[in-house]
Structures are given as structure tokens and as C-alpha cells.
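With chain W's structure known, arrange chain Y with the ligand on it following the hints.
In order, the protein sequences belong to chains W and Y. In this text, residue positions in the first sequence follow the numbering used here: the first is 1, and each later residue adds one. In this text, residue positions in the second sequence follow the numbering used here: the first is 498, and each later residue adds one.
Don't read these hints as lab results, they were simulated from the structure. Nothing here was measured: the structure is a model prediction, and the numbers come from that model. Each hint should be verified, as a subset may be incorrect.
[Claimed, not checked] Dumping the calculated DSS-like pairs for lysine-lysine here, alpha-carbon to alpha-carbon at most 25 Å:
{"id": "1", "chain 1": "W", "residue 1": "K416", "chain 2": "W", "residue 2": "K276"}
{"id": "2", "chain 1": "Y", "residue 1": "K841", "chain 2": "W", "residue 2": "K416"}
{"id": "3", "chain 1": "W", "residue 1": "K151", "chain 2": "Y", "residue 2": "K602"}
{"id": "4", "chain 1": "W", "residue 1": "K276", "chain 2": "Y", "residue 2": "K830"}
{"id": "5", "chain 1": "W", "residue 1": "K247", "chain 2": "W", "residue 2": "K276"}
{"id": "6", "chain 1": "W", "residue 1": "K395", "chain 2": "W", "residue 2": "K378"}
{"id": "7", "chain 1": "W", "residue 1": "K405", "chain 2": "W", "residue 2": "K416"}
{"id": "8", "chain 1": "Y", "residue 1": "K602", "chain 2": "W", "residue 2": "K488"}
{"id": "9", "chain 1": "W", "residue 1": "K275", "chain 2": "Y", "residue 2": "K602"}
{"id": "10", "chain 1": "Y", "residue 1": "K537", "chain 2": "W", "residue 2": "K247"}
{"id": "11", "chain 1": "W", "residue 1": "K247", "chain 2": "W", "residue 2": "K315"}
{"id": "12", "chain 1": "W", "residue 1": "K405", "chain 2": "W", "residue 2": "K339"}
{"id": "13", "chain 1": "W", "residue 1": "K311", "chain 2": "W", "residue 2": "K456"}
{"id": "14", "chain 1": "W", "residue 1": "K303", "chain 2": "W", "residue 2": "K151"}
{"id": "15", "chain 1": "W", "residue 1": "K247", "chain 2": "W", "residue 2": "K303"}
{"id": "16", "chain 1": "W", "residue 1": "K395", "chain 2": "W", "residue 2": "K311"}
{"id": "17", "chain 1": "W", "residue 1": "K395", "chain 2": "W", "residue 2": "K339"}
{"id": "18", "chain 1": "W", "residue 1": "K275", "chain 2": "W", "residue 2": "K303"}
{"id": "19", "chain 1": "W", "residue 1": "K405", "chain 2": "W", "residue 2": "K378"}
{"id": "20", "chain 1": "W", "residue 1": "K416", "chain 2": "W", "residue 2": "K395"}
{"id": "21", "chain 1": "W", "residue 1": "K151", "chain 2": "W", "residue 2": "K488"}
{"id": "22", "chain 1": "Y", "residue 1": "K702", "chain 2": "Y", "residue 2": "K736"}
{"id": "23", "chain 1": "W", "residue 1": "K315", "chain 2": "W", "residue 2": "K400"}
{"id": "24", "chain 1": "Y", "residue 1": "K830", "chain 2": "W", "residue 2": "K259"}
{"id": "25", "chain 1": "W", "residue 1": "K173", "chain 2": "W", "residue 2": "K148"}
{"id": "26", "chain 1": "W", "residue 1": "K416", "chain 2": "Y", "residue 2": "K830"}
{"id": "27", "chain 1": "Y", "residue 1": "K841", "chain 2": "W", "residue 2": "K259"}
[To be verified] Residues from chain Y that keep clear of chain W, each with C-beta distances beyond 12 Å, as calculated:
{"id": "28", "residue": "L513"}
{"id": "29", "residue": "R551"}
{"id": "30", "residue": "F685"}
{"id": "31", "residue": "G729"}
{"id": "32", "residue": "W827"}
{"id": "33", "residue": "V861"}
{"id": "34", "residue": "K867"}
Just so it is clear, CB atoms sit at the ideal spot from N, CA and C, and this is done for glycine as well.
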Amino acid sequence: MEEKGGAPEAELELKSADAEAAEAETEAAVRPVKGFLEQTWDFFASVPVATVLLFLIAAASVAGTLIEQEGQYSDWRPPLDFYPDRYGKVFGMFLFKTGMTRMYTSWWYLTLLFMLGASLIICSLERFVPLWKAVQRPNHTPDQNFVKRLKNRFDFVAADATNGLDTLATQLKARRYFVVREGDRLFADKGRWGRWGPYITHIGLLLVLAGAMMRAIPGVYMDQSVWVRDGSIVRVPGGSWYVRNDKFTAEFYASGQPKSYTTEAVVIDNGQEVKKATISMNNPLSYRWIELYQSSYRQEMGKATAALIDKTTGKPLGTFDVDLLNPADTYTVAGYTLKINQYFTDFTMDGNGKPANASNLVQNPGILFDITPPNGGKAFSTWYFILYPEMSLDKDIPIKFATTKDPEVSSTTGLKVKKDLGLPVIYLGLFIVTLGVFATFYLAHRRYWALVDGGKIVVGGWTNRNQGGLGTEMAILATLLDPTTNPKKDEMEGEER
Amino acid sequence: MSNTLIISLSGYLFFLVFAAYLVSAFLYIGRITLRRRDAKHFALADNLGAWGFRLAIAGVVFHLLAMCVRWWGSGHAPMSNMFEYMSFLGWSIMLFFVILSYWYKLPALGAFVAPVGVIVVAYASVFPTEVSPLVPALQSYWLVLHVTTAALGEGAFAVSFGAALMYLLRVRKDSADRWEESILEFVFYCFSLLIGFLITGLGFKLAGMTWDISLPNRIMHYGFPPVIGPKGAVSGMAKFAGVDLPIFLAPAWMQGANSGKNLNTILFTLVAGTVVYLLLRLIARNPLREMGSRAVAGMNINLLDEVSYRGVAVGFPLFTLGAIVFAMIWAQKAWGSYWSWDPKETWSLISWLFYSAYLHMRIVRGWEGKLAAWVAVIGFPLIIFTLLGVNLLISGLHSYAAG
Ligand code: HEM
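Extracted from the complex, chain W is given alone in its bound form (with noise of 0.2 Å):
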């Protein structure tokens, strides 16, 4: 497959980039075998190649959002049992092992990607040189007939041709051409940044890829969550510092939206307080390369007031505090000694029928209490749940618990901890690709070139784009010049008349 571009460019001595690999191509193509090496490099340095390449990665970026990707999908069992039937038997299982349910990781999209890069490389390495020779450093004084067989072409009569090529060098100056003279021949051009563009863009991308692909060297990348409760101080994973979190707040709109969530946080480094930021969604915390960020939040309970009560007279015998977040071991109440035996924060049953936690939160606290009664009494055991104290399941025993005043609310913050040392090069690899792209379709790049035949004065143009930029620039510069050569034209239409 041929490529095309730089057509009057090729008729020069020195070649423009596309026509140089071509050239390049052909050669190769006379000598008889080609090496691996050679034919693996020609292959992915076409632009065929890539293109296909490109339609490939979107095709299966496609199937990825089609097919029910493990890890977002919403049920609860293990990849193993939804898929087979989510999808059928085998078409399920078929995902599941071509790497299709976590299609974004799997080894074939990775490769495909790999050839991305290798491709970028190698294509920008191909043409860098026979680019820099075309741009940087072009032929001034070409064959004079190249000059008459452009296609974007004038002429103008000058009584003195020193001075006609003077005055269109001044026009072509203050249209900021960069203009060289030699002898009775004149070049000029701009917008060379615009054939860099698709290079910078490349580049650029090169650069994000390799900033994505640094997360597999350790200790570059770590992706952690800390809770930190209103008060308390928590070590932040992977850093040798420390968070505190004076208060998060939740906001909320009459409409019951969420409307901000915010987390007062001081980090404490060595014992200082070495920096106190607000950190809220949209502004994370950033200290020593990690980042926090607002991610989640629980409410907890905090200090809640219980009373024993006698179960014969139902009177209440004392009421006692509780900090239910850091409960004291023994508490006195009414000559009762309680003392706390066991303490879940989130009471639930495990499989076996026995007390467990069903999270480190306190979200449904209950305490086993040992209790000793006052005057020798036989000392007995009882569970207390804050929530539920009507739930006594013991029957025979003098006294059981109310809660009072029920617990104050006690909020944690989920902050994401997160590291990327890649994030730079990302963030600098985009920029540049904004710049390529912007260089490329924003610029272009234009060349004259003039010579003086006869009585008059041959102007010749050539531009990588936007042809009828050129077209109209050039008809200005030819009424300027001379207008009774060249009369003002009517503009272009594009239908018939």
C-alpha cells in the first residue's frame, strides 16, 4: 500500500518524508529476501498498519463495554458462577478464559497496545531524518520547471525583477514568511511547526503510554484507602506520616442530593503539624507523592447514656455512660459492677452461630457484660445491645438495660490514598499531544518559491493543507503585485451556477 502526500515535493532533489520511506520501500523491495528484522520494522512502520491497529484496539474496546466486566458487574457471586450464567455455559465460559471479562488487562489488548507503541516508535523513527532534511533544510533554488508546473501559481510584471522580487518579500515578510534570496530567485515559507505536529502528537502519546506503563515498576504506583474517624489519628499506607481528621461533613440539598462532602484534615509528619487543607471532592490532599482523596464516608455512634433497671419493679436502678467508640472496661452503676467481657462494634452471627463483627465500624455495637450485683450477690453474665436493649435473652436475672439518650453520631472519613509517579509524565505526555494537535490542523505549513523568467516574475505555492487558504492568500498577493495581470476574481463557489 502506497502512501501519498508532498507530491511537488517529490519532484525536488530532496524528498519529502512519505516519498523517502517509499523510495526506501522500493529499494528494499528490488533486493531479493528480506530480513525478519527488516520486515518486522517496514511493518509497523506503515501507516496501513496502524490503521488497522487503531480500528482493531477500538473494535475491542467496544466488546469491553459490551460484555459485563469483571469487578463492575452488579451481582455477588465469583466470576466463575455469573458468567456461566449470565452468558450460557459455554459462550461464558468462552469470555471468561479468552481474558474477555476483564478485557482492559488482558493479554491480547495489552499486545495490541504494545504494537500501538512499537508502532509510534518505529514510524517516528522512520521518518524523522528524511522530515528534517525536507523542512529544515529546503532546496531554494529548484529546477525552474518545478517552480512553473506548480499547481498554485502567478505571475506579475516587473519593470526592474530585483525590485519585483523585493516588494513581494516584503509582502511575504509582513505575512511572517521567513524569506531567503538568492540571486534572482526567492524562497520563503511558514508554519514549519505544522509537519511536526502528527510528530509531536506521537511523541506525546509515547509519553502517556510509558507513564501508564510505569505502575508496574514497584514503588511507583499504590492504590489504598484509609478511614479515619472525626479526632483520631491514622498512619497513611505507604507513607511514614500521619493524617488526623478534625471533622468531616456531609451536606446535603432540600432535594436530598448530596452536596458537598468535606474532611478537615491536618497531616502530621515526625510530630508536626506540617500542613492542614480542606480536602473535598474535585481537591484532593497532596503531601510527599501521595494524594488523598475524599472517596467515602460512615457514620459511626459516639457517646450514648444507659440505665440498668430492676426487672421486678421496673424502676431504673443508675444510668452509666458509654463511649461506644472507646468503651472504659468496668463501669459501677447503683452498686452493680459491669464489667465488659466481650465488645462487638457490629454484632452479627457468623456461619457457626457465633458473635462476630460484621465490619470494624461501630454500627450495631453489643457488649457482653460479666456483672457483679452489690451485697455478694451471684454474679451472672448478660449481652446489651444498644440498639435493641429490650433484646435481654437472659430470663433469670434481676436487671436489664435501656439506652437513654441514644448515641451521638460520629463520622468517618473514607479517604482514597493514592501514588502515581507516572502521573507526571502522563500529565506532560498529554500536553504535548494538545500542542501536536493543535500544531497539526492549526498550522500549516506554506512555501513560495519565485523566479524571474523574462519580463515577469513566476510566483510559485505549495502547502501541506488548507489549500484554498493558499488559493486566497496567493490571489491577494497577485492583485497586490499587479493588477492589471491579475484583475480581482470573483470567489469560488461550490455549486454549479
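For chain Y with the ligand alone, coordinates are given in the frame of chain W:
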């Protein structure tokens, strides 16, 4: 002035702008139709075109004004829900249409691109138009930059789509490939579907008709008569024209809670769209591709090709910056991860790769021309799918997701 007053002022402006775009599109269609009749109508036709152009410019200016007024009234950039976003996209399409049709002196573009702008703006008003408060994830300037820049690029892609379609209609011959003929006709059928959906959907909305189906755990609001109900609904929960609805229920294998509602919308779209298509065919007394080909007969093929390339060339940098660069920065700030393969994110990548492939096709001899034009035509539906289809059919974490 109170905020609600300002917002309703912007609502009236939006309506005026929509009317301007609609009339402009009809003037352009009238222009191209007259031109094909007889050379003696050229003067009148060009007059229509000139008025269409003026209206389109007025629409673009007032649309910008309407968005600014809405910003002023709501206190945040109008980029926070589907109505605002689609409306901006419509503006961007009309903006690039005005620029490129002026640049290339190609008013004929108006008959193909202005209707796309009208459809997008009409589609915007199918979504709830109330100002929605900003949820925490959306409170970011990066988000505003992300959606506006991406939508600008998409506007230019829409122009490329229109020009590429004109190119294909222009180079088409009767003896052409049957597949190609059918796909071209299908493009017109899809247009009809959109129009059918918009006429019925907006009709019910303007008539103030909505239907509620109360399930034990939630209430489903329908904008169309609920012929297909959600799982668990019973016939008689709603009524339309005296008929007990729903008649069918969403099939069991569809998992989404909204699948019944979405299927119902698709049913209405298919029925209304097919009616629109048949009507148009009746008027044209020909396959619609035939009508299209006649409209563009005699146009400069190279110019059409150039315009369709130019749309992508102008749009690609903007789309790259908006849909990839700013999107990644925003995702990093909001979620702590610049890329999470969320379906919406993946679909913008797909569109971007697709347009990159288009650009490379154009430098391969033999792949430019017709093949590339097809890619430019398919690119825009991919963009629309990214915006709407992903929410409708595949849901992701983007909080825009319309219920
Ligand atoms: C996602 C991947 C890629 C993107 C976004 C990209 C982007 C671009 C852009 C924007 C252009 C300018 C097109 C034009 O002038 O119309 C371009 C040109 C080009 N690309 Fe790529 N590219 C990608 C991958 C590749 C690969 C893998 C190759 C390897 C063969 C390649 C080879 C080329 C070549 C040879 C040109 C023409 C350069 C010139 O005009 O001097 N591209 N690319």
C-alpha cells in the same frame, strides 16, 4: 430579578433559538429543492439561503446569550445535566456549520447539517430542563472545560458528517453496491427515527402527559404511554386512550431497573420513526437516498471531500483536548484515577481512536475518498452513542445518567 425569573427568561430565549434553527433548516432545504427544479429559480433559492444563513447566525448569537443568562440565573455553568449539555452541543454544531459554510461558500451544507443541529437541540429539550443542583463530583472547572471543549470538537464532527454524507450521495451511482445503497438508505431511516422520537416525545411532554407505574420499591415515570412495563407491573396500572397498560413486561433476562422503560421508548421510536420515513418517501416518491443524490447533483466533489476532512481536522484537536486530556485531568481530581475504563470514558476513547484512524486513512492511497467518507459518516453516530446510548443501554459512573 429573582433567579427563577432569570431562568425562565433563558427558557424563552432557548425556545426562540430553537425556532430560528428550525426555520433556518427549512429555508436551506427549500433552497436546495428549488435549485434542483430549474435554473430560473436560482435567485429566489439563493435568497432563501441567505435568510437561512442570517437566521442561523442569529440563532447562534442568541443561543450563547440564553446559556449565559442561564448561568447567571443558576449560579453555575450550564453544563451539569443532559439538557444543558445537549443544548451546548447543538450550539456548537450550528456554530461550526456557520463558520465552515461561510468559509467554503457552501450554503448547500445547510440542508444537511442544520437539521442535525435542530435534532440535537430538540433532543436536549426531551430531558428535564430544570436547573439541577451540582452534586460534589460535578463541582469542578475541569468538568466544565472537559464538556465544552469536547462538545466543540463534536460540533465540527457533525459538519464533517453532513459533508461526507453529501459526498457519498454525490459520488453514488445507481449501479453501486447494494450494501452501500441499503446503508445510505438506512442513514435516512435513522434520521426518520430521531424525528419520530422527537415529535412523539415532545408532543406528549408539551401536552403535559406523563404516566406513573408504582412498584413496591419505586415509582417509574414514563414519558410515553407505558405499553411495555417494568418487571412486576400489572395491566391497568396506567391508561392511554382507554386501553389498560402495560400490555407487555420487560423480559426477565434484562437486568436494568429501567429496561422496561427503555424498551418502551424504543418501541415508540420505531413505530413513529417508520411512519415518518414512509411519509417522507411518499412525498419524495423515491427512495430517500435518491432524493439526496438529486439535491447534491452537480456539486464540486473535491470541495465536499475537503469540507468533510476539514470538519474532522478542526474538530480533532478540540475533541482530543476535551474528551481525552481534560477528561483525564478531571477524573484524576475527582476520583483519584485518570482512567477507570468506565463505559462512557471507554466510548469517548473509541470515538477518538476511530477519528484517528480516519485521519490516517486519508494519507493512505486507495483508502481516502469513499471509504474514508464512510468512516466520517459513521463517526458521528458513535459520538451520539457515547452521549446518549451509553446512558440508555450501558450505564456507567457518569452522574449525568438520565433516568
Ligand atoms: C492513537 C494513536 C495515534 C494518533 C492519535 C495519531 C495522530 C496523528 C495525527 C493527528 C496525524 C496528522 C494527520 C493529518 O495530517 O491529517 C498523524 C499523522 C501520521 N501518523 Fe499518526 N497517530 C497515531 C498513531 C500512529 C501510528 C501507530 C503510526 C505508525 C505508523 C502513525 C503514523 C503517522 C504518520 C506517518 C502520519 C503522517 C505524518 C506526516 O504527515 O508527516 N500514527 N497521526
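A quick look at each hint next to the structure:
1. K416/W - K276/W: Roughly 17 Å between the alpha carbons, so the hint for K416/W and K276/W holds.
2. K841/Y - K416/W: Since the Cα atoms of K841/Y and K416/W sit roughly 22 Å apart, the hinted pair holds (cutoff 25 Å).
3. K151/W - K602/Y: holds (22 Å)
4. K276/W - K830/Y: With a Cα-Cα distance of about 18 Å, the restraint between K276/W and K830/Y holds, given a limit of 25 Å.
5. K247/W - K276/W: Answer holds: K247/W to K276/W is near 12 Å, not above 25 Å.
6. K395/W - K378/W: holds (15 Å)
7. K405/W - K416/W: Violated, at roughly 34 Å.
8. K602/Y - K488/W: holds (17 Å)
9. K275/W - K602/Y: violated (60 Å)
10. K537/Y - K247/W: Roughly 78 Å between the alpha carbons, so the hint for K537/Y and K247/W is violated.
11. K247/W - K315/W: violated (39 Å)
12. K405/W - K339/W: Status holds; Cα separation ~21 Å.
13. K311/W - K456/W: violated (120 Å)
14. K303/W - K151/W: Violated, because 87 Å separates the two Cα atoms, which is more than 25 Å.
15. K247/W - K303/W: holds (17 Å)
16. K395/W - K311/W: holds (10 Å)
17. K395/W - K339/W: holds (20 Å)
18. K275/W - K303/W: Measuring from Cα to Cα gives roughly 30 Å; hence the hint is violated.
19. K405/W - K378/W: Between K405/W and K378/W the Cα gap is close to 29 Å, so the pair fails against 25 Å, i.e. violated.
20. K416/W - K395/W: violated (47 Å)
21. K151/W - K488/W: holds (19 Å)
22. K702/Y - K736/Y: holds (16 Å)
23. K315/W - K400/W: Answer holds: K315/W to K400/W is near 10 Å, not above 25 Å.
24. K830/Y - K259/W: holds (17 Å)
25. K173/W - K148/W: holds (23 Å)
26. K416/W - K830/Y: Holds, at about 12 Å.
27. K841/Y - K259/W: Distance of about 24 Å is within 25 Å: holds.
28. L513: holds (30 Å)
29. R551: holds (19 Å)
30. F685: holds (22 Å)
31. G729: Consistent with the label, G729/Y stays out of reach of chain W, its closest Cβ about 18 Å off (over 12 Å).
32. W827: violated (8 Å)
33. V861: violated (5 Å)
34. K867: holds (16 Å)
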